[in-house]
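Listed here are the chains, written in short residue letters.
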Amino acid sequence: MNGRETVLSAVRAALSGVPGSEDPDDTPVSSGRRADHAGPDVVGLFAERAAEYRARVVRVPASGAAAAVARALARTGARSVVVPPGLPEGLVPEGEWSLLTDVPPLSVGQLDAADAVVTTVAVAIAVTGTVILDHGPGQGRRVLTLLPDQHICVVRADRIAPDVPEAMGLLDPDQPLTLISGPSATSDIELDRVEGVHGPRTLDIVVLEDG
Amino acid sequence: MRIALFITCFNDTMFPRTGRAVTALLERLGHSVEFPQGQTCCGQMHFNTGYRPETLPMVRRFAEVFAGYDAVVAPSGSCAGMVRDHHRVVAAQYGDAALTEAVEQVAPTVYELSELLVDVLGVTDVGAYFPHRVTYHPTCHSLRMLRVGDRPLRLLRAVRGIDLVELPAAESCCGFGGTFALKNADVSNAMLADKMRHVQDTGAEFLCAGDNSCLTHIGGGLSRLRTGVGTMHLAEILAATEGDAR
Amino acid sequence: MSGADNVVWLGTPAFPEAARTALADTRLRANLRRATGTIRDKRLAVAAELEDWEDLRETAAQVKRRTLRHLDHHLLRLEKSVSAAGGVVHWAADAAEANRIVTALVRATGEEEVVKVKSMATQEIGLNEALADAGIRAYETDLAELIVQLGGDRPSHILVPAIHRGRSEIREIFRREMGEWGRPAPEGLTDEPRDLAEAARLHLREKFLRAKVAVSGANFAAADTGTVVVVESEGNGRMCLTLPETLITVMGIEKVLPSFADLEVFLQLLPRSSTGERMNPYTSLWTGVSEGDGPRNFHLVLLDNGRSVTLADEVGRQALACIRCSACLNVCPVYERTGGHAYGSVYPGPIGAVLTPQLVGVKNAASLPFASTLCGACYDACPVKIDIPEVLVHLRAEAVEAKRRDRLLPTPEALAMKAAGAVLSSPRRLAAVQRLAALGGRLIARDGRIGALPGPFARWSGTRDTPAPARESLRAWWRRTRTPTSEDRPTTTEGKVRR
Chain A
1 MNGRETVLSA VRAALSGVPG SEDPDDTPVS SGRRADHAGP DVVGLFAERA
51 AEYRARVVRV PASGAAAAVA RALARTGARS VVVPPGLPEG LVPEGEWSLL
101 TDVPPLSVGQ LDAADAVVTT VAVAIAVTGT VILDHGPGQG RRVLTLLPDQ
151 HICVVRADRI APDVPEAMGL LDPDQPLTLI SGPSATSDIE LDRVEGVHGP
201 RTLDIVVLED G
Chain B
1 MRIALFITCF NDTMFPRTGR AVTALLERLG HSVEFPQGQT CCGQMHFNTG
51 YRPETLPMVR RFAEVFAGYD AVVAPSGSCA GMVRDHHRVV AAQYGDAALT
101 EAVEQVAPTV YELSELLVDV LGVTDVGAYF PHRVTYHPTC HSLRMLRVGD
151 RPLRLLRAVR GIDLVELPAA ESCCGFGGTF ALKNADVSNA MLADKMRHVQ
201 DTGAEFLCAG DNSCLTHIGG GLSRLRTGVG TMHLAEILAA TEGDAR
Chain C
1 MSGADNVVWL GTPAFPEAAR TALADTRLRA NLRRATGTIR DKRLAVAAEL
51 EDWEDLRETA AQVKRRTLRH LDHHLLRLEK SVSAAGGVVH WAADAAEANR
101 IVTALVRATG EEEVVKVKSM ATQEIGLNEA LADAGIRAYE TDLAELIVQL
151 GGDRPSHILV PAIHRGRSEI REIFRREMGE WGRPAPEGLT DEPRDLAEAA
201 RLHLREKFLR AKVAVSGANF AAADTGTVVV VESEGNGRMC LTLPETLITV
251 MGIEKVLPSF ADLEVFLQLL PRSSTGERMN PYTSLWTGVS EGDGPRNFHL
301 VLLDNGRSVT LADEVGRQAL ACIRCSACLN VCPVYERTGG HAYGSVYPGP
351 IGAVLTPQLV GVKNAASLPF ASTLCGACYD ACPVKIDIPE VLVHLRAEAV
401 EAKRRDRLLP TPEALAMKAA GAVLSSPRRL AAVQRLAALG GRLIARDGRI
451 GALPGPFARW SGTRDTPAPA RESLRAWWRR TRTPTSEDRP TTTEGKVRR
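Protein chains in written order, with the numbering used here: chain A, 1 to 211; chain B, 1 to 246; chain C, 1 to 499.
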């Protein structure tokens with residue numbers, strides 16, 4: 001017997017007490033919406049919760065997006081900025097930095113040397129202060145948001161879901177997905193949270209208020 | 001209402017005063033209490049130590065002796081929990097359908113003392129008087145198996161003259177755990193040491209709990225260290241009146 | 001099929017003995033007390049934020065129960081989904097088979113090193129050692145795993161394997177060992193957690209950038225879509241899951257969930273229960289391979305290693321619902337004092353005390369089910385409502401039965417229990433023993449207190465006085481003072497039990 005047959009037959013033997021007529025969906029699971037954890041001000045809650053995990057959050061009108069991105073880049077003194085394919089035109093204005101496009105794909109070395117990356121998001125979650133990338137247009141390959149030390153996320157207010165269930169329902173499982181809640185952190189030393197390990201140590205979130 | 005007292009084997013042998021206190025308290029509240037002489041033990045020690053077949057006669061006896069009462073009161077959270085939660089496990093594994101049926105009938109009539117007083121008899125002020133500084137340890141099985149919540153504290157707060165002080169880290173286990181105290185004596189001692197430190201920090205004259213087994217463990221340590229802190233079962237404080245103080 | 005290998009560390013003494021050693025280590029106890037105290041408060045605060053926390057726990061328990069009852073079905077579905085998305089699924093009945101599969105996969109790439117995401121499954125099978133035997137070096141990249149690996153140490157906690165180490169010890173390990181493994185620790189490294197994290201960042205960066213093969217575990221896998229999930233904090237997971245060309249994920253078969261939609265429940269419960277955060281910093285989900293993004297080769301190794309044996313036990317089965325959050329460790333009063341090493345298993349703490357004996361056979365970890373006061377704090381903390389005390393007493397019974405079967409003569413404990421059982425099931429015998437105890441107690445007690453007790457009870461009386469048994473038991477008092485109405489009281493007909 002190969003491993004597959006061995007494992008499957010052992011599992012089936014272990015489950016001999018389960019009636020053959022029982023369907024996998026027969027065991028009841030309580031469903032339906034539970035409590036609302038978000039309240040009425042979803043955008044405000046998102047901004048507050050993201051900031052609690054040390055993301056730098058600003059709320060601006062859509063027309064102020066580029067200026068907010070510029071301020072975030074200027075604050076860290078970024079000299080090179082990665083721009084994923086499909087990022088809205090003009091979101092990263094001219095400045096003291098050079099722009100790096102990922103076409104053709106940037107090498108790992110180039111990305112490691114880059115200071116910042118600017119992306120949009122697929123979905124965000126208010127209750128947890130999370131942004132979710134599905135690495136489509138405006139977000140790019142997963143590695144783009146991993147190696148540069150600053151990640152600037154531009155979040156349209158209408159992309160903010162109240163809570164985890166709503167957000168998960170909006171995602172396409174066929175895409176690689178990355179949920180990001182604050183900058184890289186660890187609790188490995190005395191179970192005390194410290195921000196800044198391998199991922200970007202600075203996470204800027206620019207919330208665009210009017211959609 | 002027909003109330004039976006399940007004293008538990010440990011209290012019967014070591015702390016009959018707790019049983020007398022329960023009786024006096026309930027009679028003061030206008031209830032009569034019966035003591036079925038056929039009672040012995042809930043089987044908790046055997047069950048929790050892994051000796052399940054040996055538990056069966058005790059489960060059977062309990063169901064037989066305590067059948068038919070409106071309420072069975074036990075001045076022990078862990079023994080009440082054993083009857084309510086585990087007798088059905090023993091009955092299902094080693095007994096028969098008749099025993100299972102009997103166990104299911106008797107289990108819901110079994111109450112820990114604070115449950116009986118607050119939920120069944122509907123009293124929190126039992127007219128007690130106890131002019132001492134007291135701290136309360138909510139034993140694990142009362143807290144997390146029976147879920148008695150703040151019932152014992154509500155009863156204690158209504159006691160006249162009492163100076164009730166909060167025990168730090170009250171919900172931490174004292175380290176007794178039945179045969180655990182023998183099998184894992186070192187860990188048990190470490191837990192006991194922390195519990196005693198917290199008790200002493202309160203400056204209480206008495207440590208109160210709803211289980212004499214935990215109190216024997218903590219009190220035994222407090223006695224060995226000559227701390228002067230006494231232990232007292234909840235029933236004994238609730239049974240105390242101004243007459244006792246005079 | 002046999003139980004698991006490598007889960008228990010050979011040569012670790014039984015729990016009580018190992019615990020004694022641990023208790024004597026005052027620095028360990030201080031580290032543990034601080035760490036578990038911190039995390040307990042954080043967990044309580046974020047769990048209390050969700051007023052339907054109890055409903056969420058119940059739903060999670062139901063999803064796990066449903067999954068386990070048809071595990072074969074869900075595994076086959078997962079295999080199909082992952083294969084359709086370009087992944088390759090492998091099945092391993094035990095640790096040796098899993099190690100063979102992973103070793104062969106790494107060898108096929110021609111590489112001699114791999115980067116690893118923290119994974120209980122690979123810890124359980126001893127993968128690093130197996131790879132080392134094949135000349136392949138495995139670099140742990142989770143900060144706590146790195147501390148354990150550099151320190152030549154063993155993990156002592158499911159989530160934070162180096163919880164037994166305080167910051168100054170970590171600094172010493174980094175200063176001493178980092179140079180042996182790659183980039184040395186920076187000059188003048190302090191013991192500030194921020195600086196220590198920075199040292200790990202620098203040390204591991206070069207390894208991430210050159211890695212061609214990564215090995216990970218998985219927190220969840222959705223059978224309907226083939227999506228695999230890794231939940232982490234530092235970004236080392238993202239590095240491993242994104243940068244290398246080949247990704248090998250080793251996952252226990254119990255980690256499968258029926259559907260992608262089920263993840264919403266667990267992604268609410270897991271971070272709050274484990275690190276006390278509303279959401280952990282990074283969660284990666286991937287389905288097979290994606291053109292132009294991330295690894296080109298994805299292998300999923302489905303590991304049994306004692307799980308199917310555990311599944312066969314209808315009471316013990318619930319331990320397979322564990323999502324490895326480690327909340328039970330953090331609230332356990334025993335774990336808080338002994339730390340994880342005393343359990344002698346990859347899986348320490350309350351969940352380890354129920355999982356280990358099931359994975360390796362109760363005879364091979366017989367002291368673990370007894371390493372608990374049954375205080376129930378673990379059950380209350382468990383996000384998937386595993387009734388750990390219930391499983392503990394169930395396994396205690398199995399341990400006792402196993403001894404009964406294996407021994408010609410009963411143990412002294414069994415004899416004592418038998419004698420106690422005879423006394424405690426007869427009111428007459430109990431009354432007789434009470435009279436004897438009262439007499440004996442009076443002989444040895446001073447001021448109503450007994451100091452030293454004989455035999456095994458010396459372990460009790462070493463630190464505690466024992467009150468003398470009462471002169472008159474309650475039953476005797478009742479007989480003496482009350483009318484004997486209730487003696488052998490006939491019960492009502494419906495309450496009568498036939499014997």
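Heads up, a few of these hints could be off.
Below, a list of computed lysine-lysine pairs in the DSSO-like style, where the Cα atoms sit at most 30 Å apart [to be verified]:
#, chain 1, residue 1, chain 2, residue 2
1, C, K212, C, K80
2, C, K385, C, K418
3, B, K183, C, K80
4, B, K183, C, K212
5, C, K42, C, K403
6, C, K363, C, K418
7, B, K183, C, K403
8, C, K363, C, K403
9, B, K183, C, K207
10, C, K403, C, K418
FYI, nobody ran anything at the bench for these hints, they're computed from the structure.
Given the hint that C:K385 pairs with C:K418, test it: the Cα-Cα distance must not exceed 30 Å.
Not satisfied, since the Cα-Cα distance of roughly 34 Å exceeds 30 Å.
Straight-line Cα separation of C:K212 and C:K80 no greater than 30 Å?
26 Å, holds
Do the alpha carbons of B:K183 and C:K207 lie within 30 Å of each other, as the hint requires?
Violated, because 47 Å separates the two Cα atoms, which is more than 30 Å.
Take a quick look at whether B:K183 and C:K80 sit within 30 Å of each other, Cα to Cα.
Violated, at roughly 49 Å.
Please work out if C:K363 and C:K418 have their alpha carbons no farther apart than 30 Å.
22 Å, holds
Need the status of pair B:K183, C:K403: alpha-carbon distance at most 30 Å?
Holds. B:K183 to C:K403 sits at ~16 Å (cutoff 30 Å).
Does the structure keep C:K363 and C:K403 at a Cα separation of 30 Å or less?
Judged against 30 Å, a Cα distance of about 8 Å means the pair holds.
Going straight from one Cα to the other, do B:K183 and C:K212 come out at no more than 30 Å?
50 Å, violated
Satisfaction of hint between C:K418 and C:K403, Cα-Cα up to 30 Å:
Status holds; Cα separation ~14 Å.
For the pair we were handed, C:K42 and C:K403, check the Cα-Cα distance against 30 Å.
42 Å, violated
Going down the numbered hints, you'll see the structure goes against 2, 3, 4, 5 and 9, while the others check out.
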